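Engineer: Residues per chain, in single letters:
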Amino acid sequence: MKALRKLVDSIAPTFAKDGKLGKLHFVFDGLETFLFTPGHATVKGAHLRDSIDLKRTMSIVITAMIPCLLFGMWNVGHQHYLALGEFLGMGDGFWDKFIFGAIKVLPIVVVSYGVGLGIEFLFTTIKGHPIQEGYLVSGMLIPLVMPVDTPLWMVAVGAAFAVIIGKEVFGGTGMNILNVALTARAFLFFAYPTMMSGDKVWVNTGLEEGQQVVDGFSGATSLGYAAAGQVDKVTSMMDSFWGIEAGSIGETSVVACLIGALVLLITGIGSWRIMLSVFLGGLAMSAIFNAVGPGLGNEYMQIPMLHQLMLGSFFFGLVFMATDPVTASQTNTGKWIYGFLIGVMAILIRVVNPAYPEGMMLAILFMNVMAPLIDHYVVQANIKRRLKRTALVAA
Amino acid sequence: MSTSIRIRKGLDIRLKGEAEKVLVQADPAKVIAIKPTDFHGLIPKVLVKQGAKVKAGDPLFGDKYNERILFTSPVSGVVEDVVRGDKRKVLEVRVVADASIAYEDFGAGDPSTMNRETVVQKLLKSGVWPVIRQRPFDLVADPAKEPKSIFVSCFDTNPLAPDLDYIVHNHGNEFQTGLNALSKLTKGKVNIVVNSKTAAREFLDAKNVVRQTVDGPHPAGNVGVQIHHLDPISKGEQVWVAGVQDVLIIGRLFLTGKYDATRVVAITGSEAKNPKYLRTLIGTPVKDLIGPVDPHTRVVSGNALTGDRIGQDGSLGFYHTQITLLPEGDEPKFFITDGWASPGFDKFSANRSFPTWLMPSKKYALDTNQNGEPRSFVMTGQYEKVFPFDIYPVQLIKSILANDIDQMEKLGLYEVVPEDFALCEFVCTSKINSQSIVREGLDTLKKETT
Numbered sequence: 001m002k003a004l005r006k007l008v009d010s011i012a013p014t015f016a017k018d019g020k021l022g023k024l025h026f027v028f029d030g031l032e033t034f035l036f037t038p039g040h041a042t043v044k045g046a047h048l049r050d051s052i053d054l055k056r057t058m059s060i061v062i063t064a065m066i067p068c069l070l071f072g073m074w075n076v077g078h079q080h081y082l083a084l085g086e087f088l089g090m091g092d093g094f095w096d097k098f099i100f101g102a103i104k105v106l107p108i109v110v111v112s113y114g115v116g117l118g119i120e121f122l123f124t125t126i127k128g129h130p131i132q133e134g135y136l137v138s139g140m141l142i143p144l145v146m147p148v149d150t151p152l153w154m155v156a157v158g159a160a161f162a163v164i165i166g167k168e169v170f171g172g173t174g175m176n177i178l179n180v181a182l183t184a185r186a187f188l189f190f191a192y193p194t195m196m197s198g199d200k201v202w203v204n205t206g207l208e209e210g211q212q213v214v215d216g217f218s219g220a221t222s223l224g225y226a227a228a229g230q231v232d233k234v235t236s237m238m239d240s241f242w243g244i245e246a247g248s249i250g251e252t253s254v255v256a257c258l259i260g261a262l263v264l265l266i267t268g269i270g271s272w273r274i275m276l277s278v279f280l281g282g283l284a285m286s287a288i289f290n291a292v293g294p295g296l297g298n299e300y301m302q303i304p305m306l307h308q309l310m311l312g313s314f315f316f317g318l319v320f321m322a323t324d325p326v327t328a329s330q331t332n333t334g335k336w337i338y339g340f341l342i343g344v345m346a347i348l349i350r351v352v353n354p355a356y357p358e359g360m361m362l363a364i365l366f367m368n369v370m371a372p373l374i375d376h377y378v379v380q381a382n383i384k385r386r387l388k389r390t391a392l393v394a395a
Numbered sequence: 001m002s003t004s005i006r007i008r009k010g011l012d013i014r015l016k017g018e019a020e021k022v023l024v025q026a027d028p029a030k031v032i033a034i035k036p037t038d039f040h041g042l043i044p045k046v047l048v049k050q051g052a053k054v055k056a057g058d059p060l061f062g063d064k065y066n067e068r069i070l071f072t073s074p075v076s077g078v079v080e081d082v083v084r085g086d087k088r089k090v091l092e093v094r095v096v097a098d099a100s101i102a103y104e105d106f107g108a109g110d111p112s113t114m115n116r117e118t119v120v121q122k123l124l125k126s127g128v129w130p131v132i133r134q135r136p137f138d139l140v141a142d143p144a145k146e147p148k149s150i151f152v153s154c155f156d157t158n159p160l161a162p163d164l165d166y167i168v169h170n171h172g173n174e175f176q177t178g179l180n181a182l183s184k185l186t187k188g189k190v191n192i193v194v195n196s197k198t199a200a201r202e203f204l205d206a207k208n209v210v211r212q213t214v215d216g217p218h219p220a221g222n223v224g225v226q227i228h229h230l231d232p233i234s235k236g237e238q239v240w241v242a243g244v245q246d247v248l249i250i251g252r253l254f255l256t257g258k259y260d261a262t263r264v265v266a267i268t269g270s271e272a273k274n275p276k277y278l279r280t281l282i283g284t285p286v287k288d289l290i291g292p293v294d295p296h297t298r299v300v301s302g303n304a305l306t307g308d309r310i311g312q313d314g315s316l317g318f319y320h321t322q323i324t325l326l327p328e329g330d331e332p333k334f335f336i337t338d339g340w341a342s343p344g345f346d347k348f349s350a351n352r353s354f355p356t357w358l359m360p361s362k363k364y365a366l367d368t369n370q371n372g373e374p375r376s377f378v379m380t381g382q383y384e385k386v387f388p389f390d391i392y393p394v395q396l397i398k399s400i401l402a403n404d405i406d407q408m409e410k411l412g413l414y415e416v417v418p419e420d421f422a423l424c425e426f427v428c429t430s431k432i433n434s435q436s437i438v439r440e441g442l443d444t445l446k447k448e449t450t
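Going down the list, the sequences are from chains A and B.
Quick note, the first sequence lines up with residues 1 to 395 if you use our numbering.
Quick note, the second sequence lines up with residues 1 to 450 if you use our numbering.
Source of the hints: derived by calculation from the structure; they are not laboratory data.
Hints may contain errors.
To be verified - What follows is a set of in silico ranges between Cβ atoms, one per label pair, in the way DEER data are often shown:
{"hint": "1", "chain 1": "B", "residue 1": "Ser436", "chain 2": "A", "residue 2": "Pro354", "range": "54 to 64 Å"}
{"hint": "2", "chain 1": "B", "residue 1": "His40", "chain 2": "A", "residue 2": "Gly118", "range": "43 to 53 Å"}
{"hint": "3", "chain 1": "A", "residue 1": "Phe217", "chain 2": "B", "residue 2": "Ile336", "range": "42 to 52 Å"}
{"hint": "4", "chain 1": "A", "residue 1": "Leu21", "chain 2": "B", "residue 2": "Ser436", "range": "32 to 42 Å"}
{"hint": "5", "chain 1": "A", "residue 1": "Arg385", "chain 2": "B", "residue 2": "Thr213", "range": "44 to 54 Å"}
{"hint": "6", "chain 1": "A", "residue 1": "Met1", "chain 2": "B", "residue 2": "Lys276", "range": "33 to 43 Å"}
{"hint": "7", "chain 1": "A", "residue 1": "Arg385", "chain 2": "B", "residue 2": "Lys53", "range": "55 to 65 Å"}
{"hint": "8", "chain 1": "A", "residue 1": "Gln380", "chain 2": "B", "residue 2": "Val96", "range": "55 to 65 Å"}
{"hint": "9", "chain 1": "B", "residue 1": "Asp12", "chain 2": "A", "residue 2": "Ser236", "range": "33 to 43 Å"}
{"hint": "10", "chain 1": "B", "residue 1": "His40", "chain 2": "A", "residue 2": "Phe161", "range": "42 to 52 Å"}
{"hint": "11", "chain 1": "B", "residue 1": "Thr213", "chain 2": "A", "residue 2": "Gln380", "range": "40 to 50 Å"}
{"hint": "12", "chain 1": "A", "residue 1": "Thr63", "chain 2": "B", "residue 2": "Asn208", "range": "33 to 43 Å"}
Quantities reported herein were computed from a predicted structural model and do not represent experimental measurements.
By construction, the Cβ of each residue, glycine as well, lies at the ideal position given by its N, Cα and C atoms.
Just chain A, with the same shape it has in the complex (with noise of 0.2 Å):
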């Protein structure tokens, strides 16, 4: 560590504003304070300062996902080996489904964080200013909310164009408008939409020699199935839970993002508001089409609302896209009705609009768009309420 400390101190007046390659100051910096919170002592204010800091506060986020990562490997090797009739069991040639995943997923990974660290680093250099953390998270959301048959060029499009139009033109981490995973995945969704929806994408069928999918197989997710109208073909509750289902890499397990959940909660990094909300929208939302679904005759709407909530990326988007700090609510009451609209306008695109199986992501987006006008109304309510006071005293 010692040595580590001298080896940077040696080469850091290379990297100086003024030295030689004084161009890549602020990615040195950006090294540099990776591997050592710098000596700066408080200068104003406060002479303590809380040991959190951003940097601590993205890789607990990070370390919440995990859990998703893990299981989504496995399920697509699991998906893959049940399209090719091949370990049928669950507990079956774990460790061929996971290595196999594991070789679909790891390079998305990589080329999420290479092509979004790259441009962040770019951004750096030209705009100067020293880098921020925020992609740490981005760059591992974006993979776990793609396809799996995604081509790695498309996902390194997708994530540059979400770094660059999703964020830095609006100035970098902290000013975004749009959660950046989502945003990317939404230019995927309608640039390329034959890549990114339909029944060919979610299971990787990647065929060698002699091999064949099994007669029946469709490749198709659950929600896939119901905005068909084949109900019936919807996997069951417990399969749903669990995760074992054709779907986006990280979104399948309902135990996973619980897993997640917890870690964000207990930390108190991610906002026990914003979960609660989104799910009570879900529930509430659900909850009146499973009332009018019998008299509509409309399978799809008879769902029972927990099933309806474990299908696709309703938990996904709950535990760690809506409550992305950025671009949420920023007040607490502003919160509970930025979630709760999430919930209830997910589960309404999914089940009414035909064109998108799948709400959750434009839920997020539009409520994205729509927070800053819901902490507005909040924050004036506050104001009015001052007011009313200054008038009783001047009264």
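Assemble chain B onto chain A, guided by the hints.
Structural biologist: For chain B alone, coordinates are given in the frame of chain A:
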């Protein structure tokens, strides 16, 4: 009509180095320094020349724009120097103290029998007046104005704060006389605020005042929080505040006719070799109080959240009743062993990503490292957890950064002063210096409205 309030939002920062309840008379200081910089916004007009002889209570400098407000010497002696900084800004007026203090006599008298103007005159002339501060803006009160009420907070919840019960013990007469004088200054109420742990009869038996109770974690003891919940300030109103030891100084003025600037100061902090209470005078150099200090120690006049960094050669601030000695945190911390990714069994945090939230009574020796670099606002809801006001702190800070005066006013800037944001600044993940932002906002607002 006393009220009892419980505050839930806040944070007690548990530090090592609490002062032991031993009160020692400090040696008399040889040189005293009075600092115009202790009074925010003051443009001083120096009234003495180098070599002039002064008695305790003789003016050293005054307020250039309000000549009735004087700042007087706490000791008798000879003016050694007027220390100036950049642009000839007056930093200190230093007085070499006589062996025994000769006091100017302002005449003793019972304030209850005086009228407002006599009380005000006596306070102004003796230089005691500046102990009374006004809200909004946190400035020395303007004697031409009348506040709607006066607040005295009788407990301090800041980190390692002195125990005011202990300090006021046996000084009931001075305290009561001081309160009597304050009650002449307003037609409204004089509120003294205690918490349910307050045991000192001097507080509980105080007359001529309204006793209020506020309980809860820090900042429950901050007078700004108390005012917000008991008698909030709207635009155009003023509330005046004074500390318990300030009231004692006022009381002694009326009992003895002297400006007796005695302070009982708690020596605290993990670097304090002998944490205890010292009886001394305003403006005494720290060196005289605690001897030489290790150069790697930060000397703070006041508490760890709002105090002033005064350095090894600095002296006790005008309003301060505490010296805090903290280890300087200017060493880089390796990320796994000591930095952001370390488990952090010795790190205090309001955030539960450190395991120390499971150890609710552990005390910490924190250093002055910023523990991270400044960032954009990312996390939300942090400030709200430690900010017991019906005010949106982040939105207020942003309106100040955007210099939107109308919005600052509407969001409640009149009700806060920098110290109310000290905890927000402490817990901030993005290391935003909110206290100085709030001060900037107050300065802007003051300039626009007067």
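Engineer: Does each hint hold? Answer for all of them.
Structural biologist: Each hint, compared with the structure:
1. B:Ser436 x A:Pro354: 54 to 64 Å: 56 Å, holds
2. B:His40 x A:Gly118: 43 to 53 Å: 47 Å, holds
3. A:Phe217 x B:Ile336: 42 to 52 Å: Given a distance of about 47 Å, which is inside 42 to 52 Å, the answer is holds.
4. A:Leu21 x B:Ser436: 32 to 42 Å: 34 Å, holds
5. A:Arg385 x B:Thr213: 44 to 54 Å: 25 Å, violated
6. A:Met1 x B:Lys276: 33 to 43 Å: 39 Å, holds
7. A:Arg385 x B:Lys53: 55 to 65 Å: 57 Å, holds
8. A:Gln380 x B:Val96: 55 to 65 Å: The hint (55 to 65 Å, Cβ to Cβ) holds, given that Gln380 (chain A) and Val96 (chain B) are roughly 59 Å apart.
9. B:Asp12 x A:Ser236: 33 to 43 Å: 50 Å, violated
10. B:His40 x A:Phe161: 42 to 52 Å: 49 Å, holds
11. B:Thr213 x A:Gln380: 40 to 50 Å: Check failed, 33 Å falls outside 40 to 50 Å.
12. A:Thr63 x B:Asn208: 33 to 43 Å: Check failed, 59 Å falls outside 33 to 43 Å.
This entry does not satisfy hints 5, 9, 11 and 12, going by the numbered hints stated previously.
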